[in-house]
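Q: These protein sequences, in sequence, are chains R and Y. Following my numbering, the numbering of the first sequence begins with 1 at its first residue and continues without gaps. Following my numbering, the numbering of the second sequence begins with 1 at its first residue and continues without gaps.
Everything labelled a hint here was simulated from the structure, so no lab data went into it. Here the structure is a predicted model, which is why all the values come from computation and not from measurement. Ideal placement from N, C-alpha and C gives every residue a C-beta, glycine not left out. Do not take every clue at face value.
[Unchecked claim] Label-pair ranges, simulated between beta-carbon atoms:
(1) Y/Lys189 - R/Gly284: 29 to 39 Å
(2) R/Lys285 - Y/Arg93: 41 to 51 Å
(3) Y/Glu53 - R/Arg156: 18 to 28 Å
(4) Y/Gly44 - R/Glu245: 29 to 39 Å
(5) R/Asp155 - Y/Glu319: 41 to 51 Å
(6) R/Arg156 - Y/Thr317: 24 to 34 Å
(7) Y/Gln50 - R/Glu245: 44 to 54 Å
(8) R/Ala258 - Y/Glu15: 28 to 38 Å
(9) Y/Val121 - R/Ile242: 40 to 50 Å
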Amino acid sequence: MALFGWEGLKKLGLRPQTPNVEAGTGPATKCESCGEILLKKTLENNLWVCPSCDHHHRITAWERVQVTLDEDSFEENDANLASVDPLDFRGAKSYKNKLEEAFKATGMISAMVGGVGQLRGRDVAFGVTDSRFIMGSMGSVVGEKIARLAERAIDRRLPLIMVSGSGGGARMYEGLFSLMQMAKTSAAIGRLGDAGLPFISVCTDCTMAGVWASWAALGDIIIAEPRALIGFTGPRVIKTTINCELPEGFQLSEFLLAHGQVDMIVHRYELRDRIAAAFDIMLGKTPEAAAAEK
Amino acid sequence: MSKKDDLPFEASLVELKKRIEELRNDAENTPGLKELLSSMQEKGNEVEKQLYENLSPWNTVEVARHPKRPQTRDYIDLMLDEFVELHGDRQFRDDLSIVTGLAQIGSHRVMLVGQHKGRDVTERHQCHAGCPHPEGYWKSLRKMRIAEQFGLPVVCLIDTKGAYPGIGSEERGVAIAIAENMRDMSKLKVPVVCVIIGEGGSGGALGLGVGNRILMLRHAYYSVISPEGCASILWRDGNKKAAAAGVLKLTSRDLQGFGLIDEIVDEPLGGAHRNPQVMAATLRAAIIRNLDELSRLSPTQLAQERYEKFRAYGRFTVEKNPPELPEFRDEESIPDEEEGDVA
Ligand SMILES: [Zn+2]
Numbered sequence: 001m002a003l004f005g006w007e008g009l010k011k012l013g014l015r016p017q018t019p020n021v022e023a024g025t026g027p028a029t030k031c032e033s034c035g036e037i038l039l040k041k042t043l044e045n046n047l048w049v050c051p052s053c054d055h056h057h058r059i060t061a062w063e064r065v066q067v068t069l070d071e072d073s074f075e076e077n078d079a080n081l082a083s084v085d086p087l088d089f090r091g092a093k094s095y096k097n098k099l100e101e102a103f104k105a106t107g108m109i110s111a112m113v114g115g116v117g118q119l120r121g122r123d124v125a126f127g128v129t130d131s132r133f134i135m136g137s138m139g140s141v142v143g144e145k146i147a148r149l150a151e152r153a154i155d156r157r158l159p160l161i162m163v164s165g166s167g168g169g170a171r172m173y174e175g176l177f178s179l180m181q182m183a184k185t186s187a188a189i190g191r192l193g194d195a196g197l198p199f200i201s202v203c204t205d206c207t208m209a210g211v212w213a214s215w216a217a218l219g220d221i222i223i224a225e226p227r228a229l230i231g232f233t234g235p236r237v238i239k240t241t242i243n244c245e246l247p248e249g250f251q252l253s254e255f256l257l258a259h260g261q262v263d264m265i266v267h268r269y270e271l272r273d274r275i276a277a278a279f280d281i282m283l284g285k286t287p288e289a290a291a292a293e294k
Numbered sequence: 001m002s003k004k005d006d007l008p009f010e011a012s013l014v015e016l017k018k019r020i021e022e023l024r025n026d027a028e029n030t031p032g033l034k035e036l037l038s039s040m041q042e043k044g045n046e047v048e049k050q051l052y053e054n055l056s057p058w059n060t061v062e063v064a065r066h067p068k069r070p071q072t073r074d075y076i077d078l079m080l081d082e083f084v085e086l087h088g089d090r091q092f093r094d095d096l097s098i099v100t101g102l103a104q105i106g107s108h109r110v111m112l113v114g115q116h117k118g119r120d121v122t123e124r125h126q127c128h129a130g131c132p133h134p135e136g137y138w139k140s141l142r143k144m145r146i147a148e149q150f151g152l153p154v155v156c157l158i159d160t161k162g163a164y165p166g167i168g169s170e171e172r173g174v175a176i177a178i179a180e181n182m183r184d185m186s187k188l189k190v191p192v193v194c195v196i197i198g199e200g201g202s203g204g205a206l207g208l209g210v211g212n213r214i215l216m217l218r219h220a221y222y223s224v225i226s227p228e229g230c231a232s233i234l235w236r237d238g239n240k241k242a243a244a245a246g247v248l249k250l251t252s253r254d255l256q257g258f259g260l261i262d263e264i265v266d267e268p269l270g271g272a273h274r275n276p277q278v279m280a281a282t283l284r285a286a287i288i289r290n291l292d293e294l295s296r297l298s299p300t301q302l303a304q305e306r307y308e309k310f311r312a313y314g315r316f317t318v319e320k321n322p323p324e325l326p327e328f329r330d331e332e333s334i335p336d337e338e339e340g341d342v343a
C-alpha cells in the first residue's frame with residue numbers, strides 16, 4: 001500500500017522542507033484529481049501532493065525551489081532578462097497582452113527561474129520553468145537563461161538540475177526565434193556534458209513539444225513525476241491526425257518509463273534524496289554533503 | 001506543367017498565359033501578330049515576376065508545399081555527380097522520410113542527409129509524406145558520425161511538415177531523437193550546410209538544422225508551428241491559416257531580416273517546380289560556394305563557429321528594475337491553451 005501524507009513521510013524517514021502544521025482552520029482548496037476538500041496549508045505541507053489520492057499538483061517555480069533546495073540556499077541569476085516582441089505579434093491577443101497577463105498572474109517577468117543553490121548540502125545549478133507563464137513555454141528569455149545557467153555550471157564546476165513545467169513547448173509568439181532556442185539550449189547542455197558535469201532533467205506535468213524535444217530530453221538522468229504528461233505532439237493532435245484511439249495512459253510518465261524513455265519516476269517526497277544519491281555516485285560525495293546529512 | 005499544377009493565387013496569370021498560347025497559334029498563320037505576341041509574352045513574364053516577388057506569406061506556404069516542387073531525390077538526380085545511398089539506423093528500421101548517402105558535388109565529397117516527402121502516392125506512403133519517426137533522426141545522426149570520421153562535410157536538405165505525430169513515434173522517443181541530433185550536430189567537427197528546400201516545419205526540421213550555414217530557397221518557409229496549428233490556437237479556427245502565416249513571419253525574406261538564416265537561394269520564375277533543372281543548378285552552386293568557404297576553417301573552428309552562431313540567437317531585454325516577486329500562490333491562473341500544440 002502506498003504511503004500518503006505526513007504519516008507516510010515519517011514512515012519513509014523523510015520530511016518536507018516546511019514543517020507540518022495540522023492547522024484546524026484556514027483557506028480550503030480542492031484536489032484537482034479526486035476532488036477532496038483540503039486545507040491549503042495541509043496541501044502545502046504535503047508538497048502539494050494530495051494526501052488522499054497522491055495526485056501531484058502543479059506547483060509554481062518558487063514553490064519548486066522551496067521543495068527541492070535547502071532553505072534560503074538559492075540565489076537567483078539573470079532575474080532581469082525580459083521578453084521583447086520581435087515579430088510584433090498580433091493575433092486574437094497580442095504577444096504584449098499575453099506577457100502582461102502572465103506577469104499579473106505570476107508576478108514573474110519570464111517563465112523561468114534559474115540560479116545556484118544547495119540540495120541537501122550539495123552545491124548545484126538549478127532552474128525551473130513555471131507552467132503558469134504562457135504554459136512555461138520557451139522563448140528567447142528562457143533559452144538564454146538556460147544557456148547562461150549551463151555556462152555558469154561549467155564555470156563553477158556544478159552539476160545542473162532543470163525542472164520542466166513546460167506544456168507550451170517553443171513559444172509561438174516569438175516565431176523562429178523560439179524554435180532556435182531548442183538548438184541553442186541543446187548545444188549548451190552538450191557543452192556541460194563535455195565538461196564532465198552531470199545534468200538531471202526533472203519532467204513534471206506537462207512537458208511537451210519543443211521543450212521535451214530539447215533540453216528536457218537531454219538529461220544524463222531523466223526523472224518524471226508520477227502521472228505527468230510528457231510528449232512531443234499533443235494527444236489531441238495525434239488523435240485527429242491518425243484517427244484512432246490512443247492507448248491507456250499514453251504519454252504519461254508510466255508509459256514513458258515502460259518504453260524506456262525516462263530513467264525513473266520519483267515521488268515528490270523523495271525527489272531531493274534521489275537526486276542527491278545520484279550526484280553522490282556520479283561525482284563522489286563531498287565532505288560538505290556528508291556533514292549536511294548529520 | 002499541367003493545368004492542375006497552377007495554384008489558386010495564379011488564376012489571373014493562368015488566364016493571361018492561356019491567351020498568349022491562343023495568340024501563338026494564331027501567329028503561326030498571321031505574320032502581323034508576331035510583334036503583339038512578343039509584347040504579350042513580355043507582359044506575361046513581368047506579371048509573373050511581380051506576382052512572385054510579392055507573394056503573400058500564405059502563398060509562399062502554398063508554393064513551398066506544391067506537389068511538383070523538387071524534393072531531395074530530385075536534387076540527388078539533378079545536382080550531384082555521384083551518390084551512394086546508405087540505408088538504415090541499425091536499430092529499428094529504415095525511415096525513408098530521410099534519405100542519406102555519400103555524395104560528390106563538384107570537388108566536394110560530402111554526406112547528404114535529406115528529408116523526402118515522396119513524389120507519387122506509393123512513395124508518399126513509404127516516406128510518411130516526409131514526416132520522420134525517431135529512426136529517421138537516428139539514421140541521420142549515424143551517417144553524420146560517419147561523415148565526421150572521414151572528414152566529410154554534411155549537407156542537409158530540409159523539407160518536412162514536422163516529425164511524425166503518432167503512437168510509435170512517441171513510444172520510441174521522437175523528441176529525444178531530435179534533441180540528441182541538435183546537441184550532437186552542434187559539436188560536429190566538419191562543415192555542416194543546411195538548406196530549407198520546401199517546408200521547414202518546427203522541431204522536425206530543426207532536428208537536421210544545426211549548421212554552419214543556413215540557406216533557404218526563396219519560396220520555402222521555416223516556422224515554429226504550422227500556419228494551421230497557429231490559427232487554431234489564436235482563433236480556434238484552422239481556416240485562418242493565411243492570417244496565421246502572416247503573423248508567424250515565416251518567409252525567407254523575414255528570416256533573413258531577423259538574421260536567422262544566412263542566404264536566400266533564388267528560384268526560377270514561378271517557383272522551383274517550374275524549372276527543377278535550373279533550380280538544382282542554382283542550389284548546387286550555392287552549396288559548393290559555401291563548402292568552399294567553410295573548408296578554410298579547422299575542425300575546432302567549425303564546431304566553435306556553429307556553437308556561437310546558435311548561442312547568439314534570441315532577442316530579449318534587460319529590465320533595470322525587475323518587479324518584486326510575490327509570495328502568493330495564484331489559484332486563478334489556469335493555462336487557457338491546449339498543451340503541446342507548438343513545435
Ligand atoms: Zn486527491
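Q: If a hint holds in the structure, say so; if it does not, say that too.
A: Results for each hint:
1. About 31 Å separates the C-beta atoms of Y/Lys189 and R/Gly284, a value consistent with the hinted range of 29 to 39 Å.
2. Judged by the Cβ atoms, the range 41 to 51 Å given for R/Lys285 and Y/Arg93 holds: they are separated by roughly 44 Å.
3. The hinted window of 18 to 28 Å between Y/Glu53 and R/Arg156 is violated, with their beta carbons roughly 53 Å apart.
4. At about 53 Å, the CB distance of Y/Gly44 to R/Glu245 disagrees with the hint of 29 to 39 Å.
5. The hint said 41 to 51 Å for the Cβ distance between R/Asp155 and Y/Glu319, and at roughly 24 Å that hint is violated.
6. Look at R/Arg156 against Y/Thr317: about 26 Å separates their beta carbons, and that is inside 24 to 34 Å.
7. Here the CB-CB span from Y/Gln50 to R/Glu245 is close to 50 Å, well matched to the stated 44 to 54 Å.
8. Checked against the given bound of 28 to 38 Å, the beta carbons of R/Ala258 and Y/Glu15, roughly 59 Å apart, lie outside it.
9. Here the CB-CB span from Y/Val121 to R/Ile242 is close to 18 Å, at odds with the stated 40 to 50 Å.
The structure fails hints 3, 4, 5, 8, 9 (numbered hints given earlier, in ascending order).
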